[in-house]
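Read off the chains here:
2 protein chains.
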Amino acid sequence: MESIIINLSDSKPLYIQIYEHIRNGIINGDYRKNEPLPSIRGLAKALSVSKITVEKAYDQLCSEGYIVGRERSRYYVAELSELTFFRPESVKSKKTPDTLDSKKAYIFDFASGEMDSEGFDFALWRRYMGRAFSDVPRLMKYGDPSGEAELRREIAKYLNHSRGVVTEPSNIIVGANTQVLIAQLCTLLNAEKDIIAFENPGFKNGRRIFTDYGYKVLPISSENEGIDIDELKKSSAKAAYVSPSHQFPTGHIMPAPKRLALLKWAAESGAYVIEDDYDSEFRYYGNPIPAMKGMDTKDRVIYVGSFSKIIPPSIRISYMVLPENLLNAFKERISHYNQTASATEQLTLALYMADGQLERQIRRLRNIYSEKRRIFISELSRAFGAEGEIHDNGSGLFVIFEVKTDKTKEEIKAAAEKNKIRLSFLSDFYMGNSPEKSGKRLLLYFSSVKASDMEKAANLLKKTVLE
Amino acid sequence: MESIIINLSDSKPLYIQIYEHIRNGIINGDYRKNEPLPSIRGLAKALSVSKITVEKAYDQLCSEGYIVGRERSRYYVAELSELTFFRPESVKSKKTPDTLDSKKAYIFDFASGEMDSEGFDFALWRRYMGRAFSDVPRLMKYGDPSGEAELRREIAKYLNHSRGVVTEPSNIIVGANTQVLIAQLCTLLNAEKDIIAFENPGFKNGRRIFTDYGYKVLPISSENEGIDIDELKKSSAKAAYVSPSHQFPTGHIMPAPKRLALLKWAAESGAYVIEDDYDSEFRYYGNPIPAMKGMDTKDRVIYVGSFSKIIPPSIRISYMVLPENLLNAFKERISHYNQTASATEQLTLALYMADGQLERQIRRLRNIYSEKRRIFISELSRAFGAEGEIHDNGSGLFVIFEVKTDKTKEEIKAAAEKNKIRLSFLSDFYMGNSPEKSGKRLLLYFSSVKASDMEKAANLLKKTVLE
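Residue numbers (this note's numbering), protein chains in the order written: chain A, 889 to 1355; chain B, 889 to 1355.
With the rest of the complex left out, here is chain A (with noise of 0.2 Å):
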């Protein structure tokens, strides 16, 4: 290699120029290993650059490995005897399709409770965000791996106040959503040996995130008043999975007797119950149920929260309540883990809080889907008429409806995917067969569907259903 022939151009500095030439003369097999390079006075006057130019090319090449240096500043490329296994063999074409680009356009979505879309006042979060910009110094750091203070601060009072959960703003832990959260406390219990029973039907996703980390799930019959208690004394699960206040997909409240018995089962087998209130703010007549950990003497209960359903999800805050004897191996465990709920966000949030925002967001968004869930069943009813009953209890943002078709579930989805339209059935919510019945149950969460468009939206779905 006594001779390099560099078109130098102006675009990029030279030493990289030079750099690059040589790199990918090495890589590409041009220079055999051991071979001299050119001299630095050599080469820079070859190419009439400076010798500064050169050795910073050639330092480049040293730092990685490339050439190394020997006697009397001359330079020799290395041996990389396993170049030629990683020529490439023909450039990669791939045409792997973004996925923004897979997602669908749905006319609409009943199968996400994603939120009104005029049911957030971004400019009033932004003056908040305003405020919790204003200090810089503590935006500069990693935050608290259990979340900022002053949030769980107001999350513990919400508690009390809304869901009548006593706790300390230690016992709380902020993360990024729930699962976040349900996946670290994976690690706390023991994949290979323990066992997760989960309501049935359940809460699909959450299932997903114990079979992910290795746990052996076991659903437990759930169809009525919530999971079955003999059942659950039967097995050897360590932790039960529900959702007390409304449950995932059935929509029923737990009483009071089951709680108590669920509590007590806990209590006694030294198991956990992992309550998933994830939208307990809507119900539409009476007060919200009380959450289950409310009850909670014996120190059971990990309570698992989320402000998904009254902020928009694009933020991203979520947290869980520990009982006090998990509370230490848990934090001992966060401590080598970082927050993952961003600092602006969650200081935004305690602010917003602090000032009764979240309160009357949550009063707002209940009078919207209130009036939504009122009109969507109406439009339901007559455009079903006797084809369709609707099983509802005044909570949440979405409805079971039950309809007579003789479709099959295939044929429907189809005729979904057809009319761009998006629904899911009760039966997706089972581990294993769902019970027959005779007609089909849907899922449909209304909070997305503009009230304007529901009449529309119940037209296409009984053309989906029916037609």
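Note that these hints are calculated values from the structure, not bench results.
Source: prediction; values computed, not measured.
Worth double-checking, as some hints may not be accurate.
Copies of one chain are not kept apart here, so a pair can be met inside one copy or by any two copies together.
[Said to hold, decoys possible] Under the rule of at most 30 Å between Cα atoms (straight-line distance), these lysine-lysine pairs were calculated in the BS3-like manner:
id : residue 1 : residue 2
1  : K1126     : K1081
2  : K1029     : K1328
3  : K1260     : K939
4  : K1292     : K933
5  : K1308     : K1219
6  : K1297     : K1308
7  : K1092     : K1029
Mind docking chain B on chain A? Use the hints.
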């Protein structure tokens, strides 16, 4: 329970007061099971409230299962046989300190790579955030589980021109931090059977994730030029976790021949290389060392990158580049997970990058840190003289400083605590015993120490370590 005395106040809705009074009575055992409640009409009259108010209270109690309705609209106390079990034994009085309080205030924190306090222009960031907020419909939705498409496109461009990595936006997965992404990766491998090889010494909190998820972690010596390939070949590791551009914590650069050997091992044994490229932007002379992923023609490298050294770590965005052969399995898996990074922050970063601000920010920080490093090294030399030796290869946010001292590690840690500084030892990052050295090797981050405080910092270090 034929008579109920309630002092009705006006701070809560009347029906809630009635509901709470009866509920608490039932929980406290003041009423027997099956005891009838007063009639609606009777109670309304006794309390001088409307019948509707009492009905609402009873409805709520019914919904929660405390009372049951039977014949002729009379209500009875439900059977709550487990109740005595849950009566609180005593009022919990707990004094778990809030985590914020337990975080000590250090004068100098040499153990954390936090950003220079003037290293980021939040006003500029907020301008881009303002633009991100303009797309309200977008922010009302759950984001793409892989990350917002605009950001993935910008990351692909950045990796291409700054790190020599050619990839498609569809191979990029965004998450709130590196640990969340690695945890998700953990679910793709087989925790029960698979062994993960780690550089030793190495990134402790990365290792920790794998052990938390049940993997066996195998330390492989990497004192000098990175991970020992012969040791690796003898192992049955399914993945090797490395930081080739700036080994953590030794600071070494993995030379090209070793990179190729490592890639060959992965290709031949069907294993993966997890490349943690945590701070390669900060090389103070020469060009940044290109990522190993750029050589990965056999598609065995999982590249993990983070922005938290470049933009403040309160903004939580990291990413991972997956090989094509893992992509489908991973995407299927994360389709069940919600995104962890804030969509607002993702879109803000995409706009910031598209305008070239990220590169400006990197240049700016590189200048700040280059100057700080120069002063820090010079102050350390001044303070320690022949008692200290700097091992530094001109990159990153920390230096390894070897000190001749008779003090034990424990004595130095105690003195550090007393002097309100935080520091870490190279030996902290070893699995098992670290090799005996005559001196104590400290890992000292200088990134968050003010340039004007460097003299004081070096003096305090000397006092801590030598005196």
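Structure-based check of all given hints:
Taking the shortest alpha-carbon separations for K1126 and K1081, both the intra-copy value of 9 Å and the inter-copy value of 23 Å come in at or below 30 Å. When the C-alpha separation of K1029 and K1328 is checked against a cutoff of 30 Å, the pair qualifies only between copies, where the shortest distance is 28 Å, while the shortest distance within a copy is 53 Å. Taking the closest pair of Cα atoms, K1260 and K939 come within 30 Å of each other only across two copies (29 Å); inside a single copy the shortest separation is 75 Å, beyond that limit. For a Cα distance limit of 30 Å, the shortest separation of K1292 from K933 qualifies neither inside one copy, at 88 Å, nor across copies, at 47 Å.
For the homomeric pair K1308 and K1219, the shortest alpha-carbon distance between copies (23 Å) is at most 30 Å, but the shortest distance inside one copy (46 Å) is not. In this homomeric assembly, K1297 and K1308 come within 30 Å of each other (Cα to Cα) only inside a single copy, at 16 Å, whereas the closest approach across copies is 66 Å. With identical chains, the CA atoms of K1092 and K1029 are at most 30 Å apart between copies only, with a shortest distance of 20 Å across copies and 36 Å within one.
Hint violations for this structure: number 4 only, all remaining hints satisfied.
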